[in-house]
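Asks: All you need for our numbering is the position in the sequence shown, starting with 1, plus 23.
To be clear, the hints were calculated from the coordinates, so they are not data collected in a lab. Accuracy of the hints is not assured; some may be wrong.
Claimed, not checked - Listed below are the simulated SDA-like cross-link pairs for lysine to any residue, each with C-alpha atoms no more than 25 Å apart in a straight line:
#	residue 1	residue 2
1	36	54
2	122	341
3	153	187
4	112	178
5	194	137
6	233	311
7	314	280
8	153	164
9	264	187
10	182	126
11	314	42
12	56	36
13	306	52
14	95	134
15	153	108
16	46	259
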Amino acid sequence: MLDGLASNATVAKIRALHGKMLKKENYREMLTKRSVPEIAEYLAATPRYKETLKDIDPMTVHRGFIETLLEKDSFDTYIRLCQFQQLDKVPFFNFLIEKAEINCILMLINSINTGVDRSYLNDLPGYVIKHTKLDLLKLSSAGDFTQLMKLLRGTRYHKPLVRVPLSEDGKVDYTECEVRLRTHYYVNLLQEAKDSFADSQLEEVTRMVKADIRFRNLINAYRMKAFYGFSAEQIKKHQLKIASTGRKLDEYYNLETPEQMLEWLSRHEMQSEITDGAQIELKMQRDRFRKLEHSIYRSFSAPVVLYAFTELCDFETSNITHIIEGIRYGVDPTYIENNILIC
Numbered sequence: 024m025l026d027g028l029a030s031n032a033t034v035a036k037i038r039a040l041h042g043k044m045l046k047k048e049n050y051r052e053m054l055t056k057r058s059v060p061e062i063a064e065y066l067a068a069t070p071r072y073k074e075t076l077k078d079i080d081p082m083t084v085h086r087g088f089i090e091t092l093l094e095k096d097s098f099d100t101y102i103r104l105c106q107f108q109q110l111d112k113v114p115f116f117n118f119l120i121e122k123a124e125i126n127c128i129l130m131l132i133n134s135i136n137t138g139v140d141r142s143y144l145n146d147l148p149g150y151v152i153k154h155t156k157l158d159l160l161k162l163s164s165a166g167d168f169t170q171l172m173k174l175l176r177g178t179r180y181h182k183p184l185v186r187v188p189l190s191e192d193g194k195v196d197y198t199e200c201e202v203r204l205r206t207h208y209y210v211n212l213l214q215e216a217k218d219s220f221a222d223s224q225l226e227e228v229t230r231m232v233k234a235d236i237r238f239r240n241l242i243n244a245y246r247m248k249a250f251y252g253f254s255a256e257q258i259k260k261h262q263l264k265i266a267s268t269g270r271k272l273d274e275y276y277n278l279e280t281p282e283q284m285l286e287w288l289s290r291h292e293m294q295s296e297i298t299d300g301a302q303i304e305l306k307m308q309r310d311r312f313r314k315l316e317h318s319i320y321r322s323f324s325a326p327v328v329l330y331a332f333t334e335l336c337d338f339e340t341s342n343i344t345h346i347i348e349g350i351r352y353g354v355d356p357t358y359i360e361n362n363i364l365i366c
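Make the full structure from the sequences, and use the hints.
Replies: Now the structure itself:
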C-alpha cells in the first residue's frame with residue numbers, strides 16, 4: 024500500500040503546477056482578443072503554455088489543433104507526475120490512461136455505428152497509444168461490434184460490453200455502452216483505491232471519487248428530464264450504477280418536472296435557490312471546480328491531489344475551447360464570460 028508521507032514531493036510538485044494554471048484575469052484578457060491566432064499567441068506567452076505552444080505558428084494554427092495540444096499537455100503532465108515517485112507502479116494511478124482507453128473504445132463504437140470508413144484512425148490520440156496496453160490500431164480494424172468484441176476479449180473492457188444487445192441492423196446502443204464502460208471504470212477505480220490505500224487516505228480518495236460520480240449522475244438526470252422528457256425508469260437506466268455515493272437519488276429521479284429537480288437541487292446540493300435551468304449545469308460545475316481547487320491545497324494525499332489536478336486541467340481546456348469558439352463565431356465576450364468556468 025502507498026504511504027501518504029512518501030508522496031509528499033508529488034503533492035508539492037502538483038501545487039506548483041497548479042499555481043501556473045490560468046487565472047480569472049487570463050481568461051478576461053483572452054476575451055479581449057479578436058481571432059484564434061491572437062488567442063494562440065497570448066497562450067504561448069503564458070507560463071502555463073509557453074513550452075506546449077512554443078513551436079506553433081499562431082497565424083496558421085486552427086482551433087482543433089490547439090485543443091489537441093492542450094489535451095496532450097495535460098496527459099503528458101499526468102504521466103510525468105505518476106513517474107516522478109513511481110506512483111505508476113500503483114494500479115490506482117492508471118486512472119487517466121483507463122479513462123482515455125474508454126474514450127477511444129467509445130469513439131470506435133460510434134464510428135462502427137455510423138459507418139465511417141476508418142477515418143476515425145486520424146482521431147486516435149497518439150500520446151495515448153504509447154501508454155496503453157490496448158492495441159488501438161488493431162481494434163480500429165473491427166468492421167462491426169461483434170468483431171470489436173472478439174478483439175477486446177482478454178481485456179477488462181470485454182465483460183461490461185459483451186452483453187450489450189445488437190439491433191437488427193447490427194448496431195448497438197451507444198449510450199448503453201457508455202454507461203456500462205463508465206460504471207465499470209468507477210467500480211474498478213474504487214476497488215483499486217481499496218487495494219492501494221489504507222485508513223484516512225482511502226477514505227479521502229473514496230469520498231472524492233464518489234463525489235465525482237454523484238455530480239455526473241445529478242447533471243445527467245437533469246439533462247434527460249429537461250431535454251428529452253425521460254421517465255424515472257429511463258433516467259435510472261442511464262445512470263452510473265455505483266452504490267453508496269451519498270444521499271439516495273431515487274427521490275430526485277422520481278420527480279416529474281425539471282422545475283421540481285431544480286428545487287430539489289437548490290435544497291439538497293447547492294444550498295441556494297436555482298430557478299434558471301439553463302444555468303444549473305454551469306453553477307454545479309463551478310461549485311465542483313471550487314471544491315477541486317480546495318482539495319489541491321487542503322489534502323496531503325497524492326491520489327486525491329493528482330485526481331483533482333487532472334479534473335481541473337479538463338476544466339481549463341474546456342474554458343479555453345469555449346472562448347476560442349465564441350470569438351471565432353463573433354459571440355459577445357460578456358456572454359462567453361458568463362458561460363465558462365471562471366471562479
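Asks: Are the hints correct? Go through all of them and say.
Replies: Now the hints, each set against the structure:
Distance hint between residue 36 and residue 54 is unfulfilled; the C-alpha atoms sit about 30 Å from each other, more than 25 Å. Proposed proximity of residue 122 and residue 341 is supported: the alpha carbons are some 17 Å apart, at most 25 Å. Annotation: proposed proximity of residue 153 to residue 187 is violated, straight-line Cα distance about 29 Å (limit 25 Å). The hinted pair formed by residue 112 and residue 178 meets the criterion: a straight-line CA distance of about 19 Å does not exceed 25 Å.
For the hint pairing residue 194 with residue 137, the CA-to-CA distance comes to about 9 Å; that is within 25 Å, so the pair holds. The hinted pair formed by residue 233 and residue 311 meets the criterion: a straight-line CA distance of about 13 Å does not exceed 25 Å. This hinted pair does not check out: residue 314 and residue 280 have alpha carbons roughly 29 Å apart, beyond 25 Å. With a CA separation close to 18 Å, the supplied pair residue 153 and residue 164 stays within the 25 Å bound.
At roughly 16 Å between alpha-carbon atoms, residue 264 and residue 187 fall within 25 Å of each other, so this suggested pair holds. A distance of roughly 17 Å separates the Cα atoms of residue 182 and residue 126; the hinted pair therefore holds under the 25 Å criterion. Straight-line distance between C-alpha atoms of residue 314 and residue 42 comes to about 16 Å, which keeps the hinted pair within the 25 Å bound. Only pairs whose Cα atoms come within 25 Å are accepted, and residue 56 paired with residue 36 is rejected, the gap being roughly 32 Å.
Straight-line distance between C-alpha atoms of residue 306 and residue 52 comes to about 22 Å, which keeps the hinted pair within the 25 Å bound. Using a Cα cut-off of 25 Å, the hinted pair residue 95 and residue 134 holds, with the two alpha carbons roughly 22 Å apart. A distance of roughly 20 Å separates the Cα atoms of residue 153 and residue 108; the hinted pair therefore holds under the 25 Å criterion. At most 25 Å may separate the alpha-carbon atoms for a hinted pair to count; residue 46 and residue 259 exceed this at roughly 38 Å.
Of the hints listed earlier, those the structure fails to meet are numbers 1, 3, 7, 12 and 16, in rising order.
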